[in-house]
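*Asks:* Spelled out, the chains give:
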Amino acid sequence: AQSVTQLGSHVSVSEGALVLLRCNYSSSVPPYLFWYVQYPNQGLQLLLKYTSAATLVKGINGFEAEFKKSETSFHLTKPSAHMSDAAEYFCAVTGKGDDKIIFGKGTRLHILP
Amino acid sequence: DTAVSQTPKYLVTQMGNDKSIKCEQNLGHDTMYWYKQDSKKFLKIMFSYNNKELIINETVPNRFSPKSPDKAHLNLHINSLELGDSAVYFCASSRQGGAEAFFGQGTRLTVV
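Chains as they are written, first to last, in my numbering: chain U, 1328 to 1440; chain G, 2 to 113.
Chain G with its partners taken away, still in its complex shape (with noise of 0.2 Å):
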């Protein structure tokens, strides 16, 4: 069983598109995350879930829509992609604050 599982693995668009990353994770964390990895392989925090509940948006543009259905899901929709928007996507969860975090096997989104 996969605990952390993002789909889609690839995702390639055209600019201006609009596009949605889904996240799911079994292992009954209460805490989830987006992280961004660019092509230079650094990780920086996007978006911070507690219990359904937004708790961190690190000045991510609004074109970034984070949702939580239910804490077990945490999807991501991007709006009107831009160039910049290539990267690879990681979602995350964790027990509570301050513990490790899961990591999916990551999105990697291109925009052409």
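Same shape as in the complex, but just chain U (with noise of 0.2 Å):
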């Protein structure tokens, strides 16, 4: 069985800080990892992926992420916030020839001018 835990469903950074996005996984087999980000009103676009190859993973929007199997995370950072980047954001986990793809609550990341 697979899960994700994002913790805090409410983030918020100011504008030219460091974002944060917590996310921890659960699965029985070797994860493929995703965040994706939904804009109000719009569907999930996806950031990036980690699907087994390198640990440090680069999306698009200057955002990465980094496996760390030890600790069975996936967090997703970027530098420098902007205000574009205020939306929801979502960490979610499958496995190799895997049905479906398990979806995090979701963290509501705030950008303060």
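Please note that a few of the clues may not be correct.
Listed next, the stretches of chain G that the computed footprint assigns to chain U, with coverage defined by at least 3 CB atoms under 8 Å from CB atoms of chain U [claimed, not checked]:
| no. | region |
| --- | --- |
| 1 | 49–62 |
| 2 | 94–100 |
Quick list of in silico lysine-lysine cross-link-like pairs, DSS-like style, CA-CA up to 27 Å [claimed, not checked]:
| no. | chain 1 | residue 1 | chain 2 | residue 2 |
| --- | --- | --- | --- | --- |
| 3 | G | Lys41 | G | Lys53 |
| 4 | G | Lys20 | U | Lys1376 |
| 5 | U | Lys1432 | G | Lys42 |
Some chain U residues flagged as far from chain G (calculated, every beta-carbon gap over 12 Å) [what the hints assert, rightly or not]:
| no. | residue |
| --- | --- |
| 6 | Val1338 |
| 7 | Val1340 |
| 8 | Ser1341 |
| 9 | Asn1388 |
| 10 | Thr1404 |
| 11 | Thr1434 |
Note that these hints are calculated values from the structure, not bench results. All residues carry an ideal CB built from backbone N, CA and C; glycine is no exception.
Build the complex from these two chains, which are given one at a time in their own frames, with help from the hints.
*Replies:* The structure is reproduced here in structure tokens:
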């Protein structure tokens, strides 16, 4: 069975500050992990993915995430927040050949001017 | 070209009615999904199809019936709509199981 826990349903950071969104996973098979972003009234857009290659994954819009097996974590970071980063962020897990992707409950990112 | 498209985008209907949501993907993917997003933004998988075959039915009431006429389409029909069915429904597709999913824009269903 697989699951994802996102710590913090709301995170606020100042514009220009570091963004850190936390995600811990549980998986009985080697996981594939994703971060998605959802802007208001829109669908989900893939930010980045980990599929057992490099543990540090770079994505779109300056985001990156690091897979840490020992900590079962896949935290999302961005060095400098921009107002346009305000959105809902979802961490998700699946496994090779798996038939479903399990999502965390989401973290709303607020950017303070 | 929209990769995964859903229609309609908004759907307002009365309790007891039957409605359908259509989904099409032009990515050549083999796997398609329906997800339900509730008012707290929680995303829960409802169904997973692979090459037109139902793979996963996540304890969804049998008032919900997906249909896949071909691997590019996965429609969702809902009978006897209830207030609790109000949510945003997302269609998604992936190249295969275990790959990233591409999502449609969602259908906001409101049952009154």
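*Asks:* Hint by hint, say whether it matches the structure.
*Replies:* A quick look at each hint next to the structure:
For the region 49–62 of chain G, the stated coverage by chain U is satisfied: 5 residues place a CB nearer than 8 Å to a CB of that chain, which reaches the threshold of 3. Requiring three or more residues with a Cβ within less than 8 Å of a Cβ of chain U, the coverage given for the region 94–100 of chain G holds, as 5 such residues are present. Among the hinted pairs, Lys41 of chain G with Lys53 of chain G is inconsistent with the structure: their alpha-carbon atoms are about 31 Å apart, more than 27 Å. Restraint check for Lys20 of chain G and Lys1376 of chain U: not satisfied, since their Cα atoms lie roughly 35 Å apart, outside the 27 Å limit.
Distance check on the hinted pair: Lys1432 of chain U and Lys42 of chain G sit about 7 Å apart at the alpha-carbon level, within 27 Å; holds. The beta carbon of Val1338 of chain U is kept farther than 12 Å from every beta carbon of chain G, the shortest such distance being approximately 14 Å. Every Cβ of chain G is farther than 12 Å from the Cβ of Val1340 of chain U; the closest lies at roughly 19 Å, confirming the non-interface assignment. For Ser1341 of chain U, the condition that its CB be more than 12 Å from all CB atoms of chain G holds, with the nearest at approximately 24 Å.
With a closest Cβ-Cβ approach of about 16 Å to chain G, Asn1388 of chain U is found to remain outside the 12 Å limit, as its non-interface label requires. Taking the minimum C-beta to C-beta distance to chain G, about 20 Å, the non-interface status of Thr1404 of chain U holds against the 12 Å cut. Not every CB of chain G is more than 12 Å from the CB of Thr1434 of chain U (nearest about 10 Å), against its label as outside the interface.
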